[in-house]
Amino acid sequence: KAGVTQTPRYLIKTRGQQVTLSCSPISGHRSVSWYQQTPGQGLQFLFEYFSETQRNKGNFPGRFSGRQFSNSRSEMNVSTLELGDSALYLCASSWGGLQGNSPLHFGNGTRLTVT
Amino acid sequence: QKEVEQNSGPLSVPEGAIASLNCTYSDRVSQSFFWYRQYSGKSPELIMSIYSNGDKEDGRFTAQLNKASQYVSLLIRDSQPSDSATYLCAVNVRDSNYQLIWGAGTKLIIKP
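If you're matching them up, the sequences are chains A and B in order.
Its first residue numbered 1, the first sequence is counted upward by one per residue in my numbering.
Its first residue numbered 1001, the second sequence is counted upward by one per residue in my numbering.
Because the hints were derived from the structure by calculation, they are not lab data.
None of the values given here were measured: they were computed from a predicted structure.
We put the beta carbon where it would ideally sit given N, CA and C, even for glycine.
Only true hints are included.
Subject to a maximum C-alpha distance of 30 Å in a straight line, what follows is the list of computed BS3-like cross-link-like pairs (lysine-lysine): (1) A:Lys57 with B:Lys1067; (2) A:Lys57 with B:Lys1042; (3) B:Lys1056 with B:Lys1067.
For each label pair, taking beta carbons as the anchor points, the in silico distance ranges come out as: (4) A:Thr14 with B:Gly1041: 23 to 33 Å; (5) B:Asp1078 with A:Asn101: 25 to 35 Å; (6) A:Arg9 with B:Lys1056: 32 to 42 Å; (7) A:Ser65 with B:Arg1028: 21 to 31 Å.
Based on the provided sequences and hints, a complete structural model is requested.
Shown next, in the form of structure tokens:
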């Protein structure tokens, strides 16, 4: 069974630009959640999509948004990039999502650098 | 105030000994508790999940949950050098919605 696939692996962007990250979950998983990992703040939950609907949300500003397609693939968009957005962005898929208390399966992450 | 607290370490344990990792969480509606292991430069991978008070064993790993005291721990028996990694505690809480709150992680070093 293929794992969670994130693309691209690395991105370099300039302040003020926007960026879109992609995540393909494990086949059969309907939940995709996104996380930001930085040395200072650790892992932080961004949001979760389940069957094309945003079901849960963390405490990030509206510049961070996402969507999920009918095949469960998900995209995350960050607009008006700031230097502080430089981080490793991880997506994870699960069968039942947070409401189902399901364990997460992580992708390899996208390393975003904002200059 | 951080909601999930872990000792950042590093925690140094001799090979073959028991490694004990602890995690405390704040008083919210906590649904489930997870331990993930993250090797340097890699993504987190699930070690254990626990949902009710008591112990849960899986091979060399035992998770312990005490909701009254608001802590969850992970014991690793017969520690191996390959266990050297950062261990992340994650708590699924329900407030206005569900959120997965992560501890900062404990770096574990197993010395041969």
